[in-house]
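Visitor: Dock chain B against chain A, hints included.
Top to bottom, those sequences are chains A and B. The numbering of the first sequence is my numbering, which starts it at 1 and goes up by one. The numbering of the second sequence is my numbering, which starts it at 1 and goes up by one.
None of these hints come from the bench; they were simulated from the model. Here a beta-carbon is modelled for each residue, glycine too, at the ideal position from N, C-alpha and C. Warning: the hint list may mix true and false statements.
As the list claims (entries may be wrong) - Some chain A residues flagged as far from chain B (calculated, every beta-carbon gap over 12 Å):
(1) L17
(2) V56
(3) V126
(4) Q170
What the hints assert, rightly or not - Which residues of chain A face chain B? A partial, calculated answer using Cβ under 10 Å:
(5) A40
(6) I43
(7) Y44
(8) V45
(9) Q90
(10) W101
(11) W105
Unchecked claim - Here are the computed distance ranges between Cβ atoms for each label pair:
(12) A:E28 <-> B:I37: 27 to 33 Å
(13) A:M125 <-> B:P4: 30 to 36 Å
(14) B:L38 <-> A:T65: 38 to 44 Å
(15) B:W15 <-> A:M31: 44 to 50 Å
Residues per chain are reported as follows:
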Amino acid sequence: MATTLDSTDTRNWTSRLRRRAQADLPYEKLMPGTQPAYVASWIYVFGVLTLVSLGVVILTGTVLTLFGPTWWHTSSSGHFVNSLHFWSVQLFFLFMIIHLWGKFWMAAWRGRRARTWITGMIAFMVSVFAGLTGYVIQTNFDSQWVAFEAKDGLNAMGIGAFFNVANFGQMLMVHIFLLPAVVGLLVVLHVLWVRIRGVVPPIDADRVEAAVESEAAVDAEVVAP
Amino acid sequence: MSDPSGGATFLEFGWLSISVPNLIMFSIMVLLFVLAILLPFPSGGPDVTEDE
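One chain only, chain A, in its complex shape:
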């Protein structure tokens, strides 16, 4: 059977996926060098601040995995890296929530951006549980209290049979693998959809654009009647 290198072959999923990716997300949209003028507002900065703090969370978390869950008890360096991890998580949530407030009040799901909104909401909710499992695996009196309270919450949600806050191994693995994988995937999808659809314009963008265009038309008439 002769193989073909015909790039218009539609019968395999690789070709179809490649063409779909090239159509929806060419490199110019994936890695844009410019941004619309309305993005020049501080409220649009909180998304990337969230991403940067997530990056620090992952970096410090990776260092913590190399030395194990007693490092922060036995070493001042471990204590320091653990503290960096803790405070970057606090900043992550701070920036993410302000990002959420901005996106809600500017109705950022407009213009076929529902998936962006939904992936953001789910990433937020999963992050809460990632933070909870992080609190539980501190192995100090605080984490003992958190576990004591969280067991009631998980039982009330009906998942207490599957997630046992007294099972340190399960909590550790959920925290360092399962939930970061889910959050990471959701964040990647979220950012890709922002790239595909573009940053959401302000609610009154159409009216402002129409006003700018009519002003430009009036100016053109004055200059060359």
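Guide: Just chain B now, with coordinates in the frame of chain A:
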């Protein structure tokens, strides 16, 4: 001065019970949000798309 190792002071407003540090954090976040809306952004340079 408050004891850094002690428990937080809680404020009660009917159904709402919130610690002072938590209230401070929330106030800072609201302030950041308002400032982000109101503060002018440095004017765009060459990295502005002409039309979208």
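Visitor: What are the numbers of the hints that this structure violates, sorted from low to high?
Guide: none
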